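Protein chains in written order, with full-length UniProt numbering: chain A, 1 to 391; chain B, 1 to 227; chain C, 1 to 345.
It should be emphasised that the hints constitute simulated quantities derived from the structure, not laboratory data.
It is possible that part of the hints are untrue.
Stated by the list, open to error - The list that follows gives simulated cross-link-like pairs (lysine to any residue, SDA-like), each with its CA atoms no further than 20 Å apart:
| hint | chain 1 | residue 1 | chain 2 | residue 2 |
| --- | --- | --- | --- | --- |
| 1 | A | 342 | B | 41 |
| 2 | A | 73 | B | 195 |
| 3 | C | 69 | C | 240 |
| 4 | C | 325 | C | 157 |
| 5 | A | 73 | B | 184 |
| 6 | B | 195 | B | 176 |
| 7 | A | 342 | B | 118 |
| 8 | C | 143 | A | 59 |
| 9 | C | 143 | A | 37 |
| 10 | B | 66 | B | 149 |
No experiment lies behind these values; they were computed from the predicted model shown.
Next come the chains, spelled out residue by residue.
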Amino acid sequence: MTTVSDPQSVAALVAEANDNRVNLDFETEGMTLNMGPQHPATHGTLRIIARLDGEQVISAEPMCGYMHRGYEKLTEVRTYPQINALINRIDWLGSFANEVPFILAAEKLMDVEAPPRAQWIRTILFEMSRVANISLFLGDFGLQLGGMTAGFYAFRDREWVLNQIESATGGRFHPNFDRIGGLKDDLPKGWIEESHTAMDKLLAFCDEMEDLLVGNEIFQGRTRGIGVIPAEIALSYGLSGANLRASGVDWDLRRDNCPPGLVYDKADWKVWTHPDGDCFARTWVRLQETREAAKIVKQLLDTIPSGPVMAKVPRIIKVPAGEAYVATENPLGEMGYYVVSKGDLVPFRVKIRSASFNNISVLPWVARGAYVPDLISILGSLYFILGDIDR
Amino acid sequence: MSQLSSADTETPEEAAPATDDAREAVLAEFTSRLGDGVVGSHIRVGDDLWIRVDRAHWLEAAEVAKSMGYRFFDFLSAIDWLPSPFGRDMDAQEDLVVAGTPAKEPEAMVQGYAGGDTRFQLLARLYSISAGMGITFKCDLPDDDLSAPTWSNVFAGANWHEREAREMFGFSFDGHPNMINMYLPADFVGNPLRKDFPLLARRVRPWPGIVDVEPMPGVADEEGEGE
Amino acid sequence: MTLLLASFAPPYWLSTLIKVLVISAVVPTTALILGMVFLFKIMSWMQSRLGPQEAGPRGTLQLLADGVKFLQKEDIAPNGADLWVFKVAPLVVLMSTLLLYVALPASMHLVVADLDVGVFFVLAIASLSVIGVLMAGWSSANKYSLMGALRAAGQLIAYELPMVLAVIGVVIQAGTMSLNGIVLAQNNGSIFGWGGIGFPYILTQFLGFFIFIAAVQAELTQPPFDMPVAESEIVSGYQVEYTGFRFLIFFLAEFATAFAFAAIAAVLFLGGWAVPWLPTASDWYYVLGPMVLFAKVMIVSFIIFWVRFTYPRFREDQLQSLAWKVLIPLALVNIVVTAVLKVVL
Chain A
1 MTTVSDPQSV
11 AALVAEANDN
21 RVNLDFETEG
31 MTLNMGPQHP
41 ATHGTLRIIA
51 RLDGEQVISA
61 EPMCGYMHRG
71 YEKLTEVRTY
81 PQINALINRI
91 DWLGSFANEV
101 PFILAAEKLM
111 DVEAPPRAQW
121 IRTILFEMSR
131 VANISLFLGD
141 FGLQLGGMTA
151 GFYAFRDREW
161 VLNQIESATG
171 GRFHPNFDRI
181 GGLKDDLPKG
191 WIEESHTAMD
201 KLLAFCDEME
211 DLLVGNEIFQ
221 GRTRGIGVIP
231 AEIALSYGLS
241 GANLRASGVD
251 WDLRRDNCPP
261 GLVYDKADWK
271 VWTHPDGDCF
281 ARTWVRLQET
291 REAAKIVKQL
301 LDTIPSGPVM
311 AKVPRIIKVP
321 AGEAYVATEN
331 PLGEMGYYVV
341 SKGDLVPFRV
351 KIRSASFNNI
361 SVLPWVARGA
371 YVPDLISILG
381 SLYFILGDID
391 R
Chain B
1 MSQLSSADTE
11 TPEEAAPATD
21 DAREAVLAEF
31 TSRLGDGVVG
41 SHIRVGDDLW
51 IRVDRAHWLE
61 AAEVAKSMGY
71 RFFDFLSAID
81 WLPSPFGRDM
91 DAQEDLVVAG
101 TPAKEPEAMV
111 QGYAGGDTRF
121 QLLARLYSIS
131 AGMGITFKCD
141 LPDDDLSAPT
151 WSNVFAGANW
161 HEREAREMFG
171 FSFDGHPNMI
181 NMYLPADFVG
191 NPLRKDFPLL
201 ARRVRPWPGI
211 VDVEPMPGVA
221 DEEGEGE
Chain C
1 MTLLLASFAP
11 PYWLSTLIKV
21 LVISAVVPTT
31 ALILGMVFLF
41 KIMSWMQSRL
51 GPQEAGPRGT
61 LQLLADGVKF
71 LQKEDIAPNG
81 ADLWVFKVAP
91 LVVLMSTLLL
101 YVALPASMHL
111 VVADLDVGVF
121 FVLAIASLSV
131 IGVLMAGWSS
141 ANKYSLMGAL
151 RAAGQLIAYE
161 LPMVLAVIGV
171 VIQAGTMSLN
181 GIVLAQNNGS
191 IFGWGGIGFP
201 YILTQFLGFF
211 IFIAAVQAEL
221 TQPPFDMPVA
231 ESEIVSGYQV
241 EYTGFRFLIF
251 FLAEFATAFA
261 FAAIAAVLFL
271 GGWAVPWLPT
281 ASDWYYVLGP
291 MVLFAKVMIV
301 SFIIFWVRFT
311 YPRFREDQLQ
321 SLAWKVLIPL
331 ALVNIVVTAV
341 LKVVL
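Using the sequences and the hints, build the whole thing.
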């Protein structure tokens, strides 16, 4: 067994072994299968050009760019509050989580800190968007493996969270609620109790998913041992979030490098890892993460302090010159913004480090030698949002 | 360095410059192992570390950092330090011509943390999970030769990021296995993230979003000019 | 009325005409019923949603509306398609379904053709549909279609065997291959000398029933065995290029076949058109028989569709290993045990 210190050489070895196996068994002519940009499993417009031998994948190369909106360029001509509305659309399932690292980066450059109540509400909404995002993953992954009922359950119960996000922010999908120095508004009346109910529903949903899907033998047969990503490979490709933790790397930005402005240390929760690194591990870690997120929300709801939700900031925001990189643990993984400011109304350059871009770049490595149905399992379990790849 | 114009958010200067021993130590070790490849550095206390290396040591920097435990590849991109000749592109250029607005004087090029001498800088970030710290690397690229050795043999994830940087900035990465476009069509001309690449949508018609930064009517304008 | 039916002896041409008309009316009707009841109503009930509500009372006419919609659509064939084969393929699939209904007994005499080898005929005809599927997949000139068709062919070979072997247990116990004979044997038989409730074979052939239902599931390409049409992998497989009424024919054939297989399972394992305590010779079965059979079909269909809505999908190789390593050995054991018991008891 080769040590996995040099990923490229390991990848080359694996590829060679697979090619040999494929070519020796049957001397057949390969087939190029073009999956997408309109394939149901690519939920979005990802295109995968797969070279097949029978049903076995010899190589799979993702083609991005069908949804490239040029956000990095657009940020250079927008003021900071305007960018906040723009970056909502990166990961559209957990939109609020997109706003937070950018706002935190701007706050860091301005040396502003949001009041405690705003930090609490930020963290709560952040975790709610995580629940909204990952609960859909659980259902959607079931859908891709053919268990369609899971998808409907996910859509049904996700509505509880979306309703809460909507009633607090006014937007189901694109809240645009975060502001430099705090939040747009305080919480509406009765929101805290309703959120408790919603989180209870989501915890019940997690149990239901565990019964219906994750515990199912066929599901396990389809995901266990499929698409194994060793920790070293995952790190060198920059996989983050549940994909990295499923490979056994115990790293969560919420716990290990939480930027100031989020209050994860005020709640009692746990980072789950799984040693296997396969599709099942990724699903399982996400399932646990949804539960943890619901628990964090419930705890923070109980301890939310009173006070203002907005610090004193100038109405026209000019960010002092400097550079800052702030990353948070978004539903999909590490999402960060490298903001370069020259003291203007607009940032000079914003590099958006989105999780899915790195997460999906491992696909050519991991898809080699898999079957076409496994390709769907791998794609589904790596869990990407197309807006998060293309930006 | 431009200052915030508002008085109430101006941050007071730190009384005594705080130190960041952990990052100093990382910088010292990195410098000792890379030798004279390190041409600039910057530490923001308790937050981040910037290291600028020269192009000859770009690849070696990745290897050294990886051996120091910085094994998590965060991103690789670039910065074009040329001040935008189009300003914020808030007004359609044809309107400016009609109004007789004089063309903007180009500002001086000011590089950010860790300094720099050239218009284009590579920007990459690695993270050490054990140390809980990240390093942001920068590397100057001379205008006449926008190429750098590829990182994709050290960090496989750099593959896609370099493809993106290539099409967005027009760099080339020596030794990259698959240098094809990431996003743009193959026949696309230009490098969109260069500052001298105009944002076409803005040149065709003005953007209504510009009213957002004008002072509210009836409110004392204590913030100074919007622009 | 029953006497009237019993004494009704039309000439050959008239009876043939009636039979043809009845079959061509029954097949779409059964498909509509299954589609409406299970695909729309039971499925939306299981998935905690409402399902169709607008067309007809509580949305019951939705499928009819869908059918009309399909008929209105343009009949599109891909450029590279083998046109003749492409157009005939759905009909071949439908033909196999229609022929299935020929041998199904709805009562002692309400059967189109009471064949002595009914079981054999039914199982043989059922596998014809894969020819249509292969034709569709090949002629569509689409890689997804081709993969779907090849998967269907592989699946058929793997699942015909356990299906046939599962039925052999029943045939051994009944001592006949006639479907009506099996119904009679079940209702006139006895369990260990006690014939009070008749003798549905599911009591002794539960293993056979399980294998048969699993194989039916695979034959119908329903989850967890729906790889040939796996929507999230190969985008509905061989059906991907079909539109309008040709797609409708595939749809009709799928659900009518489901009904037919449920009916076969009801006949083989649940006592068919007969109910206990009413002698099979009774004239009441002219009316009661179809109703009893229909009720049993709905029960079996419910099981089939319940599984369909619940389970994720196997992978192709997992399906093969399940068939060859689990179902076929189990079926063989079932046959041996049945044969031994048949001789001993």
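Hint check results:
A threshold of 20 Å between alpha carbons decides the hint, and for residue 342(A) with residue 41(B) the separation of about 19 Å falls inside it, so the pair holds. Our distance criterion of 20 Å between C-alpha atoms is met by residue 73(A) and residue 195(B), whose separation comes to about 9 Å. A distance of roughly 18 Å separates the Cα atoms of residue 69(C) and residue 240(C); the hinted pair therefore holds under the 20 Å criterion. Annotation: proposed proximity of residue 325(C) to residue 157(C) holds, straight-line Cα distance about 14 Å (limit 20 Å).
As the CA atoms of residue 73(A) and residue 184(B) are separated by approximately 14 Å, the hinted pair is consistent with the 20 Å bound. In summary, the hint linking residue 195(B) to residue 176(B) is not supported, as the alpha carbons are separated by about 25 Å, beyond the 20 Å threshold. Taking the CA atoms of residue 342(A) and residue 118(B), the gap is near 17 Å; set against the 20 Å cutoff, the hint holds. Taken as a hint, the residue 143(C) and residue 59(A) pair is honoured in the structure, with Cα atoms around 17 Å apart against an allowance of 20 Å.
With a C-alpha separation of about 15 Å, the suggested pairing of residue 143(C) with residue 37(A) holds against the 20 Å cut-off. With a C-alpha separation of about 16 Å, the suggested pairing of residue 66(B) with residue 149(B) holds against the 20 Å cut-off.
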